[in-house]
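Chains F and C, in that order, give the protein sequences. Note that the numbering used here numbers the first sequence so that position 284 is 284, with each residue one more than the last. Note that the numbering used here numbers the second sequence so that position 38 is 38, with each residue one more than the last.
Treat the hints loosely; a few may be bogus.
[Said to hold, decoys possible] Now the stretches of chain C that chain F is said to cover, found in silico as 3 or more residues with beta-carbon under 8 Å:
1. 266-274
2. 325-336
[What the hints assert, rightly or not] Listed below are several chain F residues computed to face chain C (Cβ distance under 10 Å; list not exhaustive):
3. L216
4. D271
5. S313
6. I317
7. R319
8. P323
These aren't lab readings, by the way, just hints derived from the structure by calculation. Where a beta carbon is used, it is the ideal one built from N, C-alpha and C, also for glycine.
There are 2 protein chains.
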Amino acid sequence: MLVDGVQMRPIWKVDGKEIIQVIDQRYLPHQLIFKDLETAEDTIDAIKQMVVRGAPLIGATGAYGVYLAAVNSPGRMVDEEYLRTECEKIKAARPTAVNLTWAVDRVFDAALKEPSGENRIAAVRDEAEKIVEEEAENCRMIGLHGYELIAEISRKKGGKTVNILTHCNAGWLACIEYGTATAPIYTAFEKGIDVHVWADETRPLNQGARLTAWELGKAGVKHTVITDNAGGHLMQHDMVDMVIVGTDRTTHTGDVANKIGTYLKALAAKDNNIPFYVALPSSTFDWQLTDGIAQIPIEERNPDEVRFVQGESDGKINRVLIPPAQSPAADFAFDVTPARLVTAFITERGICRPNIEDIGQLFPDKMK
Amino acid sequence: MLVDGVQMRPIWKVDGKEIIQVIDQRYLPHQLIFKDLETAEDTIDAIKQMVVRGAPLIGATGAYGVYLAAVNSPGRMVDEEYLRTECEKIKAARPTAVNLTWAVDRVFDAALKEPSGENRIAAVRDEAEKIVEEEAENCRMIGLHGYELIAEISRKKGGKTVNILTHCNAGWLACIEYGTATAPIYTAFEKGIDVHVWADETRPLNQGARLTAWELGKAGVKHTVITDNAGGHLMQHDMVDMVIVGTDRTTHTGDVANKIGTYLKALAAKDNNIPFYVALPSSTFDWQLTDGIAQIPIEERNPDEVRFVQGESDGKINRVLIPPAQSPAADFAFDVTPARLVTAFITERGICRPNIEDIGQLFPDKMK
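Use the sequences and the hints to build the structure in full.
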């Protein structure tokens, strides 16, 4: 996507070098910093420390992590057992997003189709790049399908502003290009529809206030940052026409694990008869699990992410302590929105209801 | 309440002087600063700037504001028209909490029972102090009534920890003594029940992380600070036994205006069959309004409260900017939880269902 006139993605391979570069998303919006990843360990750290985040990007980073493991393999031989061990380590970096396992397994399988050495390295690199391009294309398609939903609301409102609430960042920073939740918004904006986004700040790490607001601002899309507490009030007062969020893992029965707090917005949308959409590439579907609340592992992160807030002051990035130093805190990263609260999924193949039958109809090749 | 061995309230009249002192709640938990209020204008500023906050405390501060207006009246004559004008100014300081109007009107009426001058000043002072003592006693009674609800859950759980979620600060800092939402918790704790509080941090001003956590910590009550996003997940996983919140205005038909985000927690409690209680002194009932969502004015505050977060770093109070400097923000201070989502009210006279009949039975003298 364009940032101040420069075409940019959140991850890319450096031309002619065996190095992956990423935007270090911890410092946005106040500093745009790029970071080199040169080993599998670097990618694991980048995923764990949330240098990169967002399910599709975590998948892409994991895929490139396998590539970096391959180029750093003893004697560049890319021995199967070595690669398998590295892949397991990468897959364990974060537990909730299913894309990580999906992408790493896919690249690993591609490697094994080649005998060894440079052939495997090339196969791994090509497959990782293929995943990246596919996810970008998936997002573009999500944008086209989701656009129809926004256009319909715009028509019903006689062209008046369509107000869309989103939680966290499911934009291009999370997804290579366009984003998942934001793709329909960008498409609608490009086609001249009057859209305005309520961006939940998304505590604890404020990906909404920091990243979604930054993305939308750079693209010129109208938006307003709100606290995570505000959405219910806005919905009660007809200030939200639709909700679109991303997801980190979606059971093929329709339950949605996404950033903590998503469930609360889904409840409020239901209570106020506002459509609640989840946008996702099919890489985010979990084709095994059937009960999201019982089965999807919810990551608990360092409580300091809750206790401290990072931002800009005097031109520098600083962090401040909010609660008493002695007070314990807890940091649950995701929650699960049950299928009954979801209006529909917006996928690269089209829109479907959140149940096993409709998902299966759209993805018969993937349903096991 | 005891703070490090010192008996403390959030507001008091200085002995022998015509000065009111308050805890400046903007600097807690990192700094305990007292502030002098010497004029009605000082009290208006203190209410607007949230030096003091919380419905009962706003009422008490308003009452003392009338006293300060009286002592500063031209020639200490306390002319009726002068006092009426001052009262209107004080009542306009914040729109949502009904206690402010209730307390100011009550003190004004007490003034008019005296002919003028020093008699009026004494009457105003006495009535303000009476309100303060009554609110403290109301909180004590709320604690006793609410205690029974906690004790019952404790019995059902065989003495295992009772987990209580609260939003914002409805503690003694907001209410003179004990608090409203926290009074049952303090009472249960004193009686030896194993309680643990999930304290919503309560963005934008973090009254939960800053004030509730500070209060509970000073009292030795187990607690954990969480983001406002976390409650739904905790409820889905049986980690919350009950919710208790305060309120800024409650219609006599049972709708509850409280800190923004309360409605989302009420929805989650309903969705998970968890009791949702609202604790309030009867001064917080609005005996006129019948439809909270349509009729209660919701204050919009300065968006910088959302854009900046204040905390401690390097031993100093600092604030950091979260979103891009150019991104607009909105700051809605309250939302309304409809009566259908409330299990019961805990009042100084006992517990009642959130409907006009049951509220009227408990407060037949106040229902108009």
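Checklist entry - When the nearest CB of chain C is found for D271 (chain F), is that gap smaller than 10 Å? => result holds, 6 Å
Item to check | Outcome, coverage hint (the stretch 266-274 of chain C, chain F; C-beta under 8 Å; three residues) | outcome: This one holds; 3 residues, not fewer than the three required, reach chain F with a Cβ under 8 Å.
Checklist entry - Minimum Cβ distance from I317 (chain F) to chain C below 10 Å? => result Hint on I317 (chain F): holds, closest Cβ of chain C at ~8 Å, below 10 Å.
Item to check | Cut-off 10 Å, beta-carbon criterion: hint that R319 (chain F) touches chain C | outcome: Cβ of R319 (chain F) sits 7 Å from chain C, so the hint holds.
Item to check | Residues of the stretch 325-336 of chain C with Cβ under 8 Å from chain F, three needed, outcome | outcome: Since three or more residues must qualify, the claim that chain F covers the stretch 325-336 of chain C holds, with 10 doing so at under 8 Å.
Next on the checklist: Does S313 (chain F) hold up as a contact with chain C if the rule is Cβ-Cβ below 10 Å?
Outcome noted: Holds. Min distance 5 Å.
Checklist entry - Can the hint on L216 (chain F) be confirmed by a CB-to-CB distance to chain C that is less than 10 Å? => result Cβ of L216 (chain F) sits 8 Å from chain C, so the hint holds.
Item to check | Interface restraint verdict for P323 (chain F) against chain C (beta-carbon cut-off 10 Å) | outcome: Status holds, d = 4 Å.
The earlier numbered hints are all upheld by this structure, with none contradicted.
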